[in-house]
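Enquirer: So the sequence lines, in the order shown, correspond to chains A and B. To convert, note that position 78 of the first sequence is 78 in my numbering; the numbers rise steadily by one, no gaps. Each number in my numbering corresponds to the 1-based position in the second sequence with 137 added.
Among the hints, a few may not be true.
[Unchecked claim] Sample of chain B residues at the chain A side, in silico, Cβ under 10 Å:
| no. | residue |
| --- | --- |
| 1 | Thr-189 |
| 2 | Ala-498 |
| 3 | Ser-501 |
| 4 | Glu-531 |
[Said to hold, decoys possible] Listed next, the in silico DSS-like pairs over lysine-lysine satisfying Cα-Cα at most 27 Å (straight line):
| no. | chain 1 | residue 1 | chain 2 | residue 2 |
| --- | --- | --- | --- | --- |
| 5 | B | Lys-553 | A | Lys-80 |
| 6 | A | Lys-80 | B | Lys-211 |
| 7 | B | Lys-266 | B | Lys-240 |
| 8 | B | Lys-413 | B | Lys-364 |
| 9 | B | Lys-263 | B | Lys-302 |
| 10 | B | Lys-263 | B | Lys-211 |
| 11 | B | Lys-240 | A | Lys-136 |
| 12 | A | Lys-80 | A | Lys-136 |
| 13 | B | Lys-302 | B | Lys-357 |
| 14 | B | Lys-350 | B | Lys-553 |
| 15 | B | Lys-392 | B | Lys-287 |
| 16 | B | Lys-240 | A | Lys-80 |
| 17 | B | Lys-350 | B | Lys-541 |
| 18 | A | Lys-80 | B | Lys-227 |
| 19 | B | Lys-453 | B | Lys-440 |
| 20 | B | Lys-227 | B | Lys-357 |
| 21 | B | Lys-302 | B | Lys-440 |
| 22 | B | Lys-541 | A | Lys-101 |
| 23 | B | Lys-227 | B | Lys-350 |
| 24 | B | Lys-553 | A | Lys-101 |
| 25 | B | Lys-453 | B | Lys-282 |
[As the list claims (entries may be wrong)] Here chain A is said to cover these stretches of chain B; the calculated rule only asks that three of the stretch's residues, wherever they fall, bring their Cβ under 8 Å from a Cβ of chain A:
| no. | region |
| --- | --- |
| 26 | 476-484 |
| 27 | 544-551 |
| 28 | 554-563 |
Keep in mind the hints are simulated off the structure, nothing from the lab. Positions of the beta carbon are idealized from the N, C-alpha and C atoms, including for glycine.
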Amino acid sequence: MKPGAFRFVVVALIIAASACQTTPPPSDPSTPTVTPTAPDTKPAATSPVVKTVEPIKPITPEMARNLANNCFTCHGPAGKSPGAIPSLTRFNASDMAVRLKRFKNGEDASTIMGRHTRGYTDTELEAIAIYIAGLKK
Amino acid sequence: MSRFTRRDFLRIAGAASTASIWTSPADAADKKTAAKKSAQVVVIGGGFAGATCAKYLKAADPSITVTLIEPEKKYVTGPLSNHVVAGVRKIENISIGYDGLRKRGVQVLHDWATAIDPGKRRVALKSGKSLAYDKLVVAPGIELKWGAIKHYTDVAAVAMPHAWKAGSQTLRLRDQLAKMRNGGTFIITAPQNPYRCPPGPYERASLVAHYFKRNKPKSKILILDAKDAFSKQALFLDAWKQLYGNMIEWIPSSKGGIVTAVNTSRMQLDTETGVKYRGDVINIVPPQTAGSIARMARLTDDKGWCPVNPLTFESKKFKNIFVIGDSAVAGALPKSAFAANSEAKIAANAIVAELQGQAPAEASYINTCYSLVAPDYGISIAGVYRVTAEGISEIPGAGGESPKDADAHFRADEAKYALGWYASIVADIWS
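Given only the sequences and the hints, what does the whole structure look like? Please build it.
Expert: Put into structure tokens, the structure is as follows:
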């Protein structure tokens, strides 16, 4: 990526459906999800505090990249596979997210994708799909 | 029902579209000339960990000067080297050069790192050169612990190859097996954990059995194991019975599998229980430690491996030095090519974040190890990993082994995907 390109896109993603947390946001300035420079982002601290099982987990573009980069080990660079494992380049983000969640829930059979997708929240799977579908083909 | 707003979507997609791994080197060069004084990152080791890191560093920030130190002009991969041993693949087909990385703007030096000065931040090379670095990545793989099994030295490895660092040793073992008489005994020893490629010895026994079944069907294979359990054990044991009958015999440590000494002139192994085994071909997979430069630079702990921060893979011993791949203590991650690739990507992004004054993003690792029990019979183990208070930990409920009761189609698909994985990871790293 361009040097500093993420500066313009870095923002903690406040996920509406799970926008509630029981713990205050971390005050450690090195915590990547705290992005005081993003003016249009509602800080997590101001979200209504209700009891919930999972604390909010904002997904930054950098984290989406960390999640998605692992896919290329099997699916090839940028999701373009040179061998027997299917390429990801034919999917748009929405179709890929649906497919990943179907693997996770066991609705679609797979040799290994079920085992992998169960390691992620639905939100993370969506972030992965958005990142990969956004790559230049 | 997506939980992402349109704006969230555009941010992640936007980040992806500016990722320069997918832009042309010419674009990158333009950006480079505009950049301020370029940061220097030196990577020691051009294997699965080091080469991945070099490529993804350059992709994440083309302004960084990335110098890769690798002694060999062609890297011979450990993955698929068991196919070469079994004669089903040529070594040329698992040997990879560095032109792909050069095209990505990585400076590749075929040299040998001899010393690291963490204070002055310099690396000394065998050629006499010395390189300054802002960040150093150490990825030297493994070193074999000569003498850990009595009399097993580099000289003994001529008669009894290890073939655990792919290359001439791989061919030596292949040739010994090719010359072995029908009805002979092939012995392979497996070390205690941790070691490079946990299912490797068992895949090797499997593919040699495949070769014997077709060419030397009266032969036997003996696995002398320093452990009582191994990766994908139930799947391997089932498949061996199904495909090879009684050809492969596994002797765990509790049944006398621990080898204490080798005798090359008699082609004999001593075990802890006093029983001696003679073999026609003997393959010793010895105990291992971190690569020699990691030990010389005091990056290792008392067990011989390099402790690291699980979020970034920065050494716990010295700042600005990152240790990735087989040399690192990576929590629940195995010493596999896949894990090395996953670690390298996280380290690359953490290094770039640090150089840009940012905090690293949350780390996420995965692993998949395919093993071929026969060319058309594949099995796998997978894991998804996050950093917890205990370090790099496997996410419960995810990952695991191939199903025990899968049919032949499933096994054939996984065999196909094993080769597909190899093609993809090689492209992900070296092209």
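Enquirer: If a hint holds in the structure, say so; if it does not, say that too.
Expert: Structure-based check of all given hints:
no. : hint                    : in the structure
1   : Thr-189                 : holds, 9 Å
2   : Ala-498                 : holds, 3 Å
3   : Ser-501                 : holds, 5 Å
4   : Glu-531                 : holds, 9 Å
5   : Lys-553(B) - Lys-80(A)  : holds, 17 Å
6   : Lys-80(A) - Lys-211(B)  : holds, 24 Å
7   : Lys-266(B) - Lys-240(B) : holds, 23 Å
8   : Lys-413(B) - Lys-364(B) : holds, 18 Å
9   : Lys-263(B) - Lys-302(B) : holds, 21 Å
10  : Lys-263(B) - Lys-211(B) : holds, 19 Å
11  : Lys-240(B) - Lys-136(A) : holds, 19 Å
12  : Lys-80(A) - Lys-136(A)  : holds, 11 Å
13  : Lys-302(B) - Lys-357(B) : holds, 25 Å
14  : Lys-350(B) - Lys-553(B) : holds, 21 Å
15  : Lys-392(B) - Lys-287(B) : holds, 20 Å
16  : Lys-240(B) - Lys-80(A)  : holds, 19 Å
17  : Lys-350(B) - Lys-541(B) : holds, 24 Å
18  : Lys-80(A) - Lys-227(B)  : holds, 26 Å
19  : Lys-453(B) - Lys-440(B) : holds, 14 Å
20  : Lys-227(B) - Lys-357(B) : holds, 24 Å
21  : Lys-302(B) - Lys-440(B) : holds, 21 Å
22  : Lys-541(B) - Lys-101(A) : holds, 24 Å
23  : Lys-227(B) - Lys-350(B) : holds, 20 Å
24  : Lys-553(B) - Lys-101(A) : holds, 24 Å
25  : Lys-453(B) - Lys-282(B) : holds, 23 Å
26  : 476-484                 : holds (count 4)
27  : 544-551                 : holds (count 3)
28  : 554-563                 : holds (count 8)
Hint compliance for this structure: every hint is met.
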